[in-house]
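Enquirer: Each chain is listed here by its residues.
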Amino acid sequence: MPAYSTNMRLKFPILALVLELITIILYALFVSYDDGKSSGHHGKDNSSAEHSENPVALYPMFQDVHVMIFIGFGFLMTFLKRYGFSSVGVNLLLAAFGLQWGLLLQNVWHLEDGKIKVSIEKMINADFSTATVLISFGAVLGKTSPVQLLIMTLLEITTFCMNEHVAVTMLGASDIGASMTIHAFGAYFGLAVARVLYRPGLQNGHENNGSVYHSDLFAMIGTVYLWMFWPSFNSAIADPGTPQLTAIINTYFSLAACALAAYATSSLVEKKGKLDMVHIQNATLAGGVAVGTCADMSIGPFGAMTIGVTAGIISTLGFKFLSPILESSLGIQDTCGVHNLHGMPGILGGLAGILAALLGKKEEVYPGMQAAALASSIGFALVGGAITGLIMRLQIWGQPSDQNCFDDSIYWEVPEEDEEAAENLTHADHSKNKAEA
Amino acid sequence: MPAYSTNMRLKFPILALVLELITIILYALFVSYDDGKSSGHHGKDNSSAEHSENPVALYPMFQDVHVMIFIGFGFLMTFLKRYGFSSVGVNLLLAAFGLQWGLLLQNVWHLEDGKIKVSIEKMINADFSTATVLISFGAVLGKTSPVQLLIMTLLEITTFCMNEHVAVTMLGASDIGASMTIHAFGAYFGLAVARVLYRPGLQNGHENNGSVYHSDLFAMIGTVYLWMFWPSFNSAIADPGTPQLTAIINTYFSLAACALAAYATSSLVEKKGKLDMVHIQNATLAGGVAVGTCADMSIGPFGAMTIGVTAGIISTLGFKFLSPILESSLGIQDTCGVHNLHGMPGILGGLAGILAALLGKKEEVYPGMQAAALASSIGFALVGGAITGLIMRLQIWGQPSDQNCFDDSIYWEVPEEDEEAAENLTHADHSKNKAEA
Amino acid sequence: MPAYSTNMRLKFPILALVLELITIILYALFVSYDDGKSSGHHGKDNSSAEHSENPVALYPMFQDVHVMIFIGFGFLMTFLKRYGFSSVGVNLLLAAFGLQWGLLLQNVWHLEDGKIKVSIEKMINADFSTATVLISFGAVLGKTSPVQLLIMTLLEITTFCMNEHVAVTMLGASDIGASMTIHAFGAYFGLAVARVLYRPGLQNGHENNGSVYHSDLFAMIGTVYLWMFWPSFNSAIADPGTPQLTAIINTYFSLAACALAAYATSSLVEKKGKLDMVHIQNATLAGGVAVGTCADMSIGPFGAMTIGVTAGIISTLGFKFLSPILESSLGIQDTCGVHNLHGMPGILGGLAGILAALLGKKEEVYPGMQAAALASSIGFALVGGAITGLIMRLQIWGQPSDQNCFDDSIYWEVPEEDEEAAENLTHADHSKNKAEA
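Protein chains in written order, with numbering that gives the first Met the number 0: chain E, 0 to 436; chain L, 0 to 436; chain U, 0 to 436.
Hints may be right or wrong, so weigh each one.
Any copy will do: because identical chains look the same in the list, a pair fits if it lies in one copy or spans two.
With a straight-line Cα cutoff of 30 angstroms, these simulated DSSO-like cross-link-like pairs (lysine-lysine) come out [as the list claims (entries may be wrong)]:
| no. | residue 1 | residue 2 |
| --- | --- | --- |
| 1 | K116 | K10 |
| 2 | K271 | K10 |
| 3 | K10 | K273 |
| 4 | K36 | K116 |
| 5 | K114 | K360 |
| 6 | K270 | K360 |
The set of hints was computed from the structure by calculation and includes no laboratory data.
If we strip away everything but chain E, and leave its shape as in the complex, we get (with noise of 0.2 angstroms):
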């Protein structure tokens, strides 16, 4: 313990000081105030009146998308019983920074006068930056420092936006939901990172990797929220009008049926049948993610319904049957199950996304670049990811010792009653790994 607590006294506050004066220099010399003349990214429909009027029209969007962001991932990983201060804590923390180096990054390709020009829309895609380093978090989780999960940020942000930029940028694919770009992008690079961070120091499991009663209501607060504001995830930066509602409609249309689907299958598949919290906390939002790239296309609502309840099967049947697998023979260790809510539906998205193109669901929009972009997307995300994990790996950064995986107490003051009850509650198994140490 002694290394990593001078690690953490020295090493945390001066990369995340160092990272945030290197920020406020960018952002004094490129990043200044929209004012009303930027052409937008959407250019081409930007006939309606409402956007360029009131620059604050798409601000209630905006804040569903922050609330997903902070309170949704937050709370959805605190369902571990002895790490919900990282899990909400370390989740602020990195998206706080995320989201002011994705907005530098996303914007590098084409500045206005010299300069980035902030506006509500720039603030969204900021966010949506930040969700790609969220997700693989929940590969991670419990697993790796502060100081580690800076320096993914830092470099998963950076791969994503160019990835963005290819995918959709250069091979103007249409993925308004980023089931492509966030999710499955997301997913395979945090599962990259997880494969080369392995430990096999941990495949007979870990004490604290699992929930109490109240830590699973916790992190119900976050999947409560996900699930309703996903509409908003999906259409926040649609075209206004009418693709903007469609995206709404077929996300919540999604979402309800995905619901049914996830509660039915995982007490199909428990024993007694009973229903599982981790299938009920993620695979009801699978929906959303699948039916992402194709939310703004008329697929007609029946369309959406169809997606999440595939979504909705897939994902929990990937909780119960897949994810073991993926632990015991490719030594992916996925904590939260992202393969399950992010990877998987996000490649489903995808395909419905190249679907949607062969059937014409949208205009201009064509299924060979659509799965070129689910293919970038992937390749992106599992060589970046790779990169990351192994300059994760580095001694240097203080990685937690297996015994230490899934403790809020080695990053954090924690209440010292609670450190005395949790003693005793699992006392023999502490009592192992002091022996062990």
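Go by the hints and put chains L and U onto chain E.
Expert: Below, chains L and U without anything else, positioned relative to chain E:
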């Protein structure tokens, strides 16, 4: 327990999937997107440029209502010490199915080109229809299986849509915040179901029919969200402009005044003048229910506050004095006290609407029609609830035994340590139950 | 305890009901609905078509502020292990009364046709006025009775309205996010009250003046909501268009930068480099406070970030080093550390405003007037707080004994099992207290 397990293992998932598949087929046949050509529910007063120009103008209101349905109702019911998974989880399940079903049945009366064209306003109404089910869920909370509750959802929303058609479309009553058609209806429907499902074995209480400290705090999340967003509930589908603003203002002040009255009354009636969490969690909201019918009428802020104070007092007194009598004398076991939060305040709202009509507070609103709508709502609720209760009572739906009431662990995988801890805490009671069984 | 009980039994409900009845009578005389003919607070720059056409255009902003007041402040204070009911419950009570009282007093200076015509903007300002009380509540949290707090609400909002009139209307200072008039004012008012109510008996701490693991997670709900919606707080009543957009962007970046600084500083100053939940829950928000005064000025995103970083560092250092000194040397017992979150960052905001005025970052804003407004805010706060503290100290208001501080169970019915459990956990301390009593 084996009997139940078999049921859950097959009946629940099959029922959920069959309902979802039927719904998808009906949506494929009948549901498409709003194309902006709709005349709208409130055709007479659609002069506002807003709604026609921007199809997502109502979206922030929708999201407020959405939060009330999924966070508000869901967490309000987590006050029970061992039933939080079911409260927030089954709330999500029922509302997710209910909104799909409600959107179909509410709009089947007036198809356009043979289709239901989904708009944000229709999504709001669909969410509203699920509120009736969630209110009734509160009456039978802890005593019914998910299978029974899915059946209740199906039947209650169907009954609700019939009554809404009678009360609003045929009688022309004004009920913008739905004191009568949602709150009184949902409460009396639930109470009728609870009466039919009366459990003599629970008349001396149940060890798990109570709260613990943190479960009461989770419930306050629900309370506060309902309290904050109730102005959106009562104004979401009001006519744009002044009526919508009036509905917001009236509900804001009614709730503020109601809160003071609920706190004062709670302290007055409790021994030693202490506050009771049950009152605070519920009676503070009665002002939102009671001001619903006349929310968009010019009753004046002080009129709204008077309604709020009255509702807060009545609701608190109901929890303290009436609920025990209803249980002991009439065999109505109302877990959440929905009679006090939705039943009596709903009737108060209906009566206030009659009075407001008499005083000419809104044009084209007539006291007789208001009274008829109130009677219709209660009549449909009691008859529909009784029939639904009889159907729910059938053995095949796997109703839990008295002993298993108020306990997540028969439907959910519950973290092991907690089960042990809970067992230790209540060891004596558990032993007693086992002896009885 | 009997003495208190008698008080609670009669004084609290009578006071609450009398205050509410007086309020209703005043509303009957003076308050009506906005009829769209109002000239508005910000008449000079009301050229935007938006606000005049749609009277509910500001409603989403209002709801964000509403969430900050009731969820944000309410849950932020639930960090205490046995005081969660009071934190979120009394927060609701005070804010519900405060908004009614604030709306009256804020607008009594400029009646229209003898009436206050309620609009969404006036509702936002009413919510704002309650924020001062909730900040002061944080300073005296756990040490005051509901009766005392209702009196504080009455007097503090009255003082706030006087200072607001002086600082904004008379001096013409610009304080769009209210760093001076709400945050510094609320903090120093509360600190003055806390000083007058100084309890020597608590100078060695109190067993219940601390958190447990899950109470810290509940508090993070408050923190994250405040953090997310602070841009709405600082921009809600800004002039439409560019000033409002500027306020949103500045606050967004100030908070993001502040979060990094708070995390880094917390780790730097804690032994072993661990993070402290108290810092994270509070100091991450200091950037929102400090950027308030100049939120709508063109200070540039990097200017906002610089303010945020400074605030995050100052606030964290205040918790670590200054608060213990204030308590030991000046007898100021500041339960939540409002001096660190609202006091110093509020002053920083005022100073930043003076500097921005010097640099000409907003038209018609003058350094001297800004400085006078800052002095006025602190002056009114200290004098008003001291007088209010003297009134609150009167025996008749039932102030709790030292022993009963930080304990819900003297004002609330607390679930029995918990009381036992808590008693067991802290058995030794309880015995000691009883011996002392």
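Enquirer: All the hints need checking, so say for each whether the structure fits it.
Expert: Okay, the hints, checked on the actual structure:
no.	hint	result
1	K116 <-> K10	neither (33 angstroms within a copy, 57 angstroms between copies)
2	K271 <-> K10	between (50 angstroms within a copy, 12 angstroms between copies)
3	K10 <-> K273	between (46 angstroms within a copy, 12 angstroms between copies)
4	K36 <-> K116	within (10 angstroms within a copy, 36 angstroms between copies)
5	K114 <-> K360	between (37 angstroms within a copy, 19 angstroms between copies)
6	K270 <-> K360	neither (42 angstroms within a copy, 59 angstroms between copies)
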